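Chemist: Each chain is listed here by its residues.
Protein chains: 2
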Amino acid sequence: MTVKTIVFDLDNTLADFMRMKMVASREAAAAMMGFGAEFGNGDVDAVGEEIFGHYLEHGIESNDAFISFIQKRMPDIAPDKAESIAAAGVVAYLRAKDALLSPFPGVVPTLVRLTGMGLKLAVVTDAPRFKAWQRLHHLGIAEFFECVVTKCDTGCTKPSREPFERALSILGISANEALMVGDWPERDTAGAKAVGMRTAHAAYGAFRKTAQSGAEFDLQNIKELPGIIERINREGERR
Amino acid sequence: MTVKTIVFDLDNTLADFMRMKMVASREAAAAMMGFGAEFGNGDVDAVGEEIFGHYLEHGIESNDAFISFIQKRMPDIAPDKAESIAAAGVVAYLRAKDALLSPFPGVVPTLVRLTGMGLKLAVVTDAPRFKAWQRLHHLGIAEFFECVVTKCDTGCTKPSREPFERALSILGISANEALMVGDWPERDTAGAKAVGMRTAHAAYGAFRKTAQSGAEFDLQNIKELPGIIERINREGERR
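Residue numbers (the working numbering), protein chains in the order written: chain A, 744 to 982; chain B, 744 to 982.
If you are wondering where the hints come from, they were derived from the structure by calculation, not from laboratory data.
It should be emphasised that the depicted structure is a prediction, and the values quoted were computed from it without experimental measurement.
Treat the hints with care, as some may be off.
List of simulated lysine-lysine pairs, DSSO-like, C-alpha gap at most 30 Å [what the hints assert, rightly or not]: (1) B:Lys-840 to A:Lys-874; (2) B:Lys-824 to A:Lys-894; (3) B:Lys-936 to A:Lys-824; (4) A:Lys-824 to A:Lys-894; (5) A:Lys-824 to B:Lys-824; (6) A:Lys-824 to B:Lys-815; (7) A:Lys-894 to B:Lys-936; (8) A:Lys-874 to B:Lys-936; (9) B:Lys-874 to A:Lys-894; (10) B:Lys-894 to A:Lys-815; (11) B:Lys-824 to A:Lys-840.
For the chain B half of the interface with chain A, some residues (derived, Cβ under 7 Å), not all of them [stated by the list, open to error]: (12) His-797; (13) Tyr-798; (14) Gly-802; (15) Ser-805; (16) Asn-806; (17) Ala-830; (18) Asp-869; (19) Arg-872; (20) Tyr-947.
From chain A, some residues computed to sit far from chain B (all C-beta separations above 10 Å) [to be verified]: (21) Lys-747; (22) Pro-818; (23) Ser-827; (24) Val-833; (25) Asp-841; (26) Trp-876; (27) His-880; (28) His-881; (29) Glu-905; (30) Ser-912; (31) Gln-963; (32) Arg-977.
Every residue gets a Cβ at the ideal spot worked out from N, C-alpha and C, and that includes glycine.
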């Protein structure tokens, strides 16, 4: 079987989401401390890391991470004061995000090249639908994808079968004609394998590095993809 | 009595909120139409104006204005498609806002000068608390104000007495020691007068121009304020 579709994870596969979140958290710390937040020490970098850790714990997509961080670290603060400080953090965070959320190097030319090869492209992500679309538009790559399946579309997250099967069904192709690319082996690789898709690990984007991704291919750069597909498809035709 | 405090309205008095909203609405229209929204005609400027009008009608601070506009203009659209289009609009809107939401010319030097004259500065706004603080931080002027009273703090909007009285009480000054500056005569001027404050009309920011503001002073530029206060206070001392 030849590969006709590539299914991408979004965060840390197409965009360097974690690095953006880390830098933006530090900017938010600086802004909140500059506006008078007393987080017990004067070290902006340390507070930035703490906020990033709070995000990971509290939910990386959460909208109330700053308020809950302030309440945790300054339990006696009045609600209006907490909001005035959180607002400083959110403004700094959003400014940093706007500057820093960009596609990994090689993403755009690779999407152009894959599209030119006649492949159908899709996204399967555990992000909420509206945030996923905002990110795709922000990155300037929304137009490339024939299908975007989010957490909201099936109510299930990877590695469950549903989001993968939903994408395949919308595109009308069978699992062995699809290759999944993602940074998170336990979710992306395991989930795609379970439905019979081929797999590539986005090692360049993985937040926690893995020795054994379990994927058929390990990508150091997304630009390796077109060559891999060409090789697979040449071999497929030869059989 | 001398003037010891200046109370400012926020939107259209310190920042050109309406112009930002108008331009950003047009950018959102362009992005949504570029992403395939069919609003019945191909005129981006006309759709931009329609979105801005929808904002005015639907609530200028609303968070779901784009989704509700899409649903109104494309009633048969699937919810996931509507979100994918709205996301394009929100991203373009936020980018434009980030570039365009800035203080009126003269605001920052005027705030510096008034602070240097020993005056206490406050904000009384009908915006929700978190949005008001985000805007102040975005504008880079949050630090100037000893007190920010929002819609959320009293549950009342101007021209009711509560927000004005709340600000005076926090600052510990009497109404006749305070001057209110705002662009909306029916709310800012009328409300401030009712509690006994002096009034200046921010004519430079008024969305709908008024021949008779009813205020003691009409400002063509916010820079006129320090001179007015000096004159009032010289006369007050002479008596």
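Chemist: Please work out if Lys-824 of chain B and Lys-894 of chain A have their alpha carbons no farther apart than 30 Å.
Modeler: holds, 15 Å
Chemist: Please check whether the beta-carbon of Ser-827 of chain A is more than 10 Å away from every beta-carbon in chain B.
Modeler: Non-interface label fails for Ser-827 of chain A: nearest chain B Cβ at 5 Å, not farther than 10 Å.
Chemist: Looking at His-880 of chain A again, its CB stays over 10 Å from all of chain B?
Modeler: violated, 4 Å
Chemist: Using Cβ atoms and 10 Å as the threshold, tell me whether Trp-876 of chain A really stays out of contact range of chain B.
Modeler: Violated, because the least Cβ-Cβ distance between Trp-876 of chain A and chain B comes to about 3 Å, which does not exceed 10 Å.
Chemist: Using Cβ atoms and 10 Å as the threshold, tell me whether Glu-905 of chain A really stays out of contact range of chain B.
Modeler: For Glu-905 of chain A, whose nearest Cβ neighbour in chain B is about 15 Å away, the distance exceeds 10 Å, so it holds.
Chemist: Asp-841 of chain A: least C-beta distance to chain B exceeds 10 Å?
Modeler: violated, 6 Å
Chemist: Does Lys-815 of chain A lie within 30 Å of Lys-894 of chain B when you go C-alpha to C-alpha?
Modeler: It holds: about 26 Å lies between the C-alpha atoms, which stays within 30 Å.
Chemist: Is Lys-894 of chain A within 30 Å of Lys-936 of chain B, Cα to Cα?
Modeler: violated, 53 Å
Chemist: Regarding the pair Lys-824 of chain A and Lys-894 of chain A, is the alpha-carbon distance no greater than 30 Å?
Modeler: violated, 34 Å
Chemist: Does Tyr-798 of chain B hold up as a contact with chain A if the rule is Cβ-Cβ below 7 Å?
Modeler: Violated. Min distance 19 Å.
Chemist: Gln-963 of chain A: least C-beta distance to chain B exceeds 10 Å?
Modeler: Consistent with the label, Gln-963 of chain A stays out of reach of chain B, its closest Cβ about 30 Å off (over 10 Å).
Chemist: Can you confirm whether the C-alpha distance between Lys-874 of chain A and Lys-936 of chain B stays at or below 30 Å?
Modeler: violated, 45 Å
Against the hints set out earlier in the document, violations occur for numbers 4, 5, 6, 7, 8, 12, 13, 14, 15, 16, 18, 20, 23, 24, 25, 26, 27, 28.
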